[in-house]
Amino acid sequence: MSEGSAAIVGGASSGDAGLALQLRGITKRFGAVVANRDIDLSVRCGTIHGIVGENGAGKSTLMSILYGFYQADEGDVLIGGKLADIRSSRDAIDAGIGMVHQHFMLVDTFSVLENVMLGAEQHALLDANAADARRELQRLEDEYGLSIELDALVGELPVGEQQRTEILKALYRHAEILILDEPTGVLTPQEADQLFRVLETLRERGVTVILITHKLREIIDITDTVSVLRMGEMVAHRDTADTSMGELAELMVGRPLESVNHLRPEDLPADTVLGIDVKRLQLSDADGTVRLADVDLSVRHGEILGVAGVAGNGQSELLEVLAGIRTPSAGHFVINGRDASADDLPDPSSMRALRVHHVPEDRLKLGLIKSFSAAESSVLGYHRAVNISWHGLLQLSTIKRICRDLMERFDVRPGDPSLRSGSFSGGNQQKLILARELDKSPEVLLVGQPTRGVDIGAIELIHQKLVDMRDAGCAILLVSVELDEIMALSDRIVVMYEGRIVGEVAGRDADKTELGLMMANAHEPT
Amino acid sequence: MKINTASVPLPAWLEVVVIPVLNIVLALVVAGFIMLAIGVDPIEATVIMVRGALGSDYAIGYTLYYTTNFIFTGLAVAVAFHASLFNIGGEGQAYIGGLGVTLVFLLLDRWLPAFMLIPIGIAAAALFGAAWAFIPGWLQAHRGSHVVITTIMFNFIAASLMVYLLVNVLIQPGQMSPESRQFDESAWLPFMHEFLALFGMDVTRTPLNLSLLLALVCCVGVWLYIWRTRWGYELRTAGQSEAAAVYAGIRPKTVIVSAMCVSGALAGLMAVNEIMGVHHRLIMNFTAGYGFTGIAVALMGRNHPIGIVMASLLFGVLYQGGAELAFDVPLITREMVVAVQGLIILFSGALALMLRPWVVRVWLLFRPPDTLEPAHA
Chain V
389 MSEGSAAIVG
399 GASSGDAGLA
409 LQLRGITKRF
419 GAVVANRDID
429 LSVRCGTIHG
439 IVGENGAGKS
449 TLMSILYGFY
459 QADEGDVLIG
469 GKLADIRSSR
479 DAIDAGIGMV
489 HQHFMLVDTF
499 SVLENVMLGA
509 EQHALLDANA
519 ADARRELQRL
529 EDEYGLSIEL
539 DALVGELPVG
549 EQQRTEILKA
559 LYRHAEILIL
569 DEPTGVLTPQ
579 EADQLFRVLE
589 TLRERGVTVI
599 LITHKLREII
609 DITDTVSVLR
619 MGEMVAHRDT
629 ADTSMGELAE
639 LMVGRPLESV
649 NHLRPEDLPA
659 DTVLGIDVKR
669 LQLSDADGTV
679 RLADVDLSVR
689 HGEILGVAGV
699 AGNGQSELLE
709 VLAGIRTPSA
719 GHFVINGRDA
729 SADDLPDPSS
739 MRALRVHHVP
749 EDRLKLGLIK
759 SFSAAESSVL
769 GYHRAVNISW
779 HGLLQLSTIK
789 RICRDLMERF
799 DVRPGDPSLR
809 SGSFSGGNQQ
819 KLILARELDK
829 SPEVLLVGQP
839 TRGVDIGAIE
849 LIHQKLVDMR
859 DAGCAILLVS
869 VELDEIMALS
879 DRIVVMYEGR
889 IVGEVAGRDA
899 DKTELGLMMA
909 NAHEPT
Chain R
8 MKINTASVPL
18 PAWLEVVVIP
28 VLNIVLALVV
38 AGFIMLAIGV
48 DPIEATVIMV
58 RGALGSDYAI
68 GYTLYYTTNF
78 IFTGLAVAVA
88 FHASLFNIGG
98 EGQAYIGGLG
108 VTLVFLLLDR
118 WLPAFMLIPI
128 GIAAAALFGA
138 AWAFIPGWLQ
148 AHRGSHVVIT
158 TIMFNFIAAS
168 LMVYLLVNVL
178 IQPGQMSPES
188 RQFDESAWLP
198 FMHEFLALFG
208 MDVTRTPLNL
218 SLLLALVCCV
228 GVWLYIWRTR
238 WGYELRTAGQ
248 SEAAAVYAGI
258 RPKTVIVSAM
268 CVSGALAGLM
278 AVNEIMGVHH
288 RLIMNFTAGY
298 GFTGIAVALM
308 GRNHPIGIVM
318 ASLLFGVLYQ
328 GGAELAFDVP
338 LITREMVVAV
348 QGLIILFSGA
358 LALMLRPWVV
368 RVWLLFRPPD
378 TLEPAHA
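Protein chains in written order, with the numbering used here: chain V, 389 to 914; chain R, 8 to 384.
Pulled out of the complex, with its shape left as it was, chain R reads as follows (with noise of 0.2 angstroms):
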């Protein structure tokens, strides 16, 4: 019997848990071939990535510190895909907020006070990713340059740009390493440890910091805005049918630079977990290739905040865990771990709906019979 299994619907429990735990499983299968091919036992293997992402509070903290970044790259990419827009330049994004945070933190840390200076850099990180993705986003709108081929290039030209104020603007004088100098700690976002710590909670001190909840109100804002809101509405309509919106008295050039100016922000405030909560000055290359992670975790969480974030545990996770793979079993090397998650993005991401037609032949079989009455004609 061949049906036509796209067009049957899934109950959610299936749709959102059981095909990407599935896919999930796939990947970690084909990933422990290659484990066997090389040498390594892949159950000991998994052991140690669990083990090294969870295992210890330690452990936690860093994955969770990952994790904050993913969330803020993954929401951007998702705000933007909303609009049916593909910014994939989470990256250079992040990266000029960075330099919006340093530049308002070099100006100002020696002046206000921390309940200040901490929302104000927020602001800026935000302010400057937005005006990062303004640019691709108007060129879009008004000149039908496409988006994806601009948010790139934008990604070169903030690193060019990055480089350049960070060797001949912001090093600090007498100094070899391109990086600005230290903020005031009054700057400093808190970290977990030391926020934890004035409820009496004693735990290892973690680059994790108070961005995470920053990244989890994010996370509850974007669903409130694209799902809650009049704006998100107009920004799901455009997405989905430009004529629509026109007809609906939207302007989709109007929904265009704005959908990218919220999506840039969000990248932007990749930087309040790097530069305000871990490093407190402004560093060559902070963004690490997080920007472009986003895009699978996005694309893995299907563009909800409830699935970016559980993609970025699972992203959070494997940073964390492989590197303490790579660390602890000599013949595993950090491009190794990079096939791991290469595989989990092809699986989760490419090949998202591979196992669909035979997830959905077994629930067709097992689903209660009095569901197959015809439809309404």
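Chain V with its partners taken away, still in its complex shape (with noise of 0.2 angstroms):
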């Protein structure tokens, strides 16, 4: 234990009483790794504190403490002023804490009013509980200004009203605390907008929130309070008012960051080359579900065509589409010169030998093997090539050459070939992808969420080698639900709403604003 360090930080405190919640020298390892280590943090009530760090800096690891998944190794946690002992979740309501995942914790097939009784019937009959959780809504959502139709099945919600639902579901079990974990990551500029005035009631009705983040602007749009996580050690704690982004940028990854903007600086000539053409592509589901609309594109060579949209709307299935895994419905594309359709789609080692790329969405699904060696991942898709299996005989140790090089030319750590896929970091893991799909020098190339739960640091050599692949000649498709990303990288920018590509504006006329609408398909076409 370090009481000595147990320091009164987080701003300016009125001292214990104000305190509604208070770490005191946190340590948890995990085997060898130490997640958090030494954490000290108090959180005024009635405030929004947010934390921030890289992924892997142990943000997640601190939460799961705070709601009872893990047990701390060492230290005090104190709610209210008070040592609690939170050993499970059930704890954790009990102490007034509340969480909202990332993944939401519903039952599709539920509606809202049985998704909140879920676990906090007080009645055997169901129709006892349901007369009084339904009073209870009503108060709360009055009181809170959480307006959400309670008979609706959830899964039919949109994602907005699905997280408003979690919320609701703390506050029926009495939370005052409430902890929201990277709250805006599915949704839309206008959601997270309407997320954020409702964490101010929140604040008003003296409801302490922690919203773990690694969006800066967020941060300084809502929190009166910030501390940084870095490497699983607390490295600073600010008044947000007192901060700014670059500051905490700087400290979540610990050096100076210098801003790029990665547009091309000159139109490209009118008679580029187009790397990808694609004419009325449709995809439907087996259901009868449609995923993509009649979507019409093309990126010429040495482009970046950017895809926004809330996930879900299509892009994902675009670019299945374009890389041979889906099959469309209808319609035909041409790729780097082949010509593509449902009857006559090319399957993606075919792909490949188009030196068309692909740099999946899904890293862990799709990417990479998780119980593979790193080695073994960095040939995943070529490994039918002579030099990796030289008559069906895997060559080891050229696949480890292959592996180390890539790791050396993309700064994967630990550069270590040998060692399980799954045990990188997120970041490190995209970046040994990314070099794999990178070395083969595409023409053109297909990459989904290339920083999705990457560091800052591993985004800027990430979006540098793309520029890099793009000032090569290369037609590059970028899906991303990342707007900012998508604005840094783009020079030209679709976006697709329920699988239509709804709007188009050049990357250096993007606004962010009207970008949101078109997302939420809430734009007047002028």
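Since the hints were derived computationally from the structure, they do not count as laboratory data.
The model shown is predicted, which means the values in this text are computed figures rather than measured ones.
All residues carry an ideal CB built from backbone N, CA and C; glycine is no exception.
Where hints are given, some of them may not hold.
[To be verified] Residues on chain R that point at chain V, a partial pick, calculated with CB under 7 angstroms:
no. : residue
1   : Thr236
2   : Arg237
3   : Ala250
4   : Tyr254
[To be verified] Covered stretches of chain V (in silico footprint by chain R; criterion: 3 or more residues with CB under 8 angstroms from a CB of chain R, positions within the stretch not fixed):
no. : segment
5   : 668-674
6   : 750-756
Two chains, each in its own frame: build the complex with the hints.
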């Protein structure tokens, strides 16, 4: 324990009485890894406190300790000034802590009311519960301005309302401290604004909010105080009013960052060859759900086309069709000179032979195999090449050498090809996949969420590599849910909504509000 | 202190030696209590069992004969497992493998010399086993019928088919017992005692035959196939993540079918030991549950050929030692021995990870301090 270092932090404090939450010397180890080291934190009642940090900095571990998923190896948790022993999520709820997870813990086929009641039923009979719950929820909705249809099925609600259901769930359980883990990752900018208004109401009503995010803009916009985690240690506490995004970013990364504008300085000549030319592409699921509806787009060589949109509006399907993974229902496309349609779709191997390479959105499901060594993952998709499997026999030393070389050039750490792929951090996994695909000097590159879950430091490197590829004449289709990323890289931007393209703007004219409106399909075409 | 022990990596010697040995010891301790309860001295019983399995060249011969069967069926389960397929049809595939051997030998054994018959017999066993696994594999790949259900059903179909064939078609005219005629001696796989006699070694006559060597060759082959070839790479990729396989240009359906065929071929090879090596004719139920025990063997051997050889040896000892035990101690019945085998399967299969948290804790206490540094972010 480190009682001595348990100083009051987190902004000026009027003493322990006003503290909703206090952590003293929290340390948590996972085997050899120290996820949290000697963390001190104080959050005053009725404030919004931000916790920022790169992936793997220990934010989630810290919150999991608060919510009873893990127990700290050392240190104390104080809630409302009293020592709390939280050993399960039940203990956490009893102590007044509510948690809104990044991935909602809701039953899609239940109504909002049923979801809120779930696990908090008081009577043996559901009807009595429902009546009580409905009364209480009406009151909460009024008090906190959370409007939501109680009898709607959760699965049919937009993401923003599902999130509100989660918040309602926590409030119903008398949460006085509400923890939100990356709450805006799945929201449009407008939905995010609505969420922030709800959080402000909660603050006025005396609820303490802890906001975990890696989006610094949100921290500046809404929090009162902010703490920065780096490599498992709390490196700074600031009053939000006294800090800036620049300072927070540097604290997170631990070194100064330079901001770069990646946009291509001059226009491409009008007759530049098209790398991708999509004509009226359609895709429907087996159950008839339309995923892509008459998509038309083109990407020239030497250009990055950004595809913006809220996750789940057809961008993933577009990437998969162009990569030869899914067969379209109708329409056709030309990719690096090769005509492709539903009847004649090159498979992913043929696509690679065409110099069309694909950095998949879901790196853990598609991009690599967690249980494989990094070396084995570094040849995924290229394992049939003669130098890799000569007459069917894997050339292990060659594979290792290739992997070590990729790791060196893309700064993958730790640079050990024999480590399990799953043991690398998200950013390093992503760098390895990018290294594997970019190394083949693609002529057309399909990239999905290249920096999802990636540290700020690695983002710079990844962006630079993509821009280098573009400058070398590669046609790049970039799908990302991060508007900032789309805007920083794309020479042209298209916006997808429910499987169709609802707008296109030039990269240098892009305006965040306008794009946000397009993403919500609330944009009035001019 | 509560830690998530599952995420703590242990050195290989703890993971593959100490924990399995502890599991077996625990199983034997529980078995000991059962023996005490029925009035048998567990120490004495253990001595009888070990001596019965390893005490003489006769005992070792029998133990290795059983081991051979378990290696084949264990490898069969392991190969399918690496493709995320649970092939519990080893029993039926081995049975049909025996049919393959019998058919070619009934046709050819009078005409061809041994050096041709033996490879043909081995190939027929593998081919028939593969064919019997191909159907569930194809159904899984193209129709989504779960391979666990279909392979179980195919065990029953194989059993019924063999009864029909043995009673109506392959039976020797004028004979009562449902078995084929004996093959010509040129089709027999040499017994180990005959083989060793060539080198001047004198060992007791047992059913152990040269198929043990074939089993060991298969171990090396499976290891090469799974970890050193492109096809094994594709099989493991598809087994771990179908989506990643598609992304990598691998066809998961092809992998499912081929993995089942290789698995079935290995199970089919068990017939080489039983039919070509021991019985020299097709008999009813020669598979005797070895196909099912192969599941436990693969589970215990962590689906790795070395582990499978070790687990097969253990089960060989249990089978042979158990038989001696039931023979020597009247209080211990055949069922008692099966119960002990069941305990071992329970502790080293279903409860394999039960002791791990404690081992992790002990290891954390004694491990070198320099490994306490945080891993890379």
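The hints, checked one at a time:
Taking 7 angstroms as the C-beta cut-off, the interface hint given for threonine 236 of chain R holds, the closest approach to chain V being about 5 angstroms. The interface hint given for arginine 237 of chain R is met, as the beta carbon of that residue sits about 4 angstroms from the closest beta carbon of chain V, less than 7 angstroms. The interface hint given for alanine 250 of chain R holds, since its Cβ lies 5 angstroms from the closest Cβ of chain V, which is under the 7 angstroms cut-off. Residue-level restraint check for tyrosine 254 of chain R holds (minimum Cβ-Cβ distance to chain V is 4 angstroms; threshold 7 angstroms).
Here the segment 668-674 of chain V counts 0 residues with a CB under 8 angstroms from a CB of chain R, which misses the bar of 3, and the coverage is violated. A count of 5 residues in the segment 750-756 of chain V with a Cβ less than 8 angstroms from any Cβ of chain R is obtained; the coverage claim is therefore met, three being the minimum.
The structure fails to meet hint 5 from the earlier list, while all remaining hints are met.
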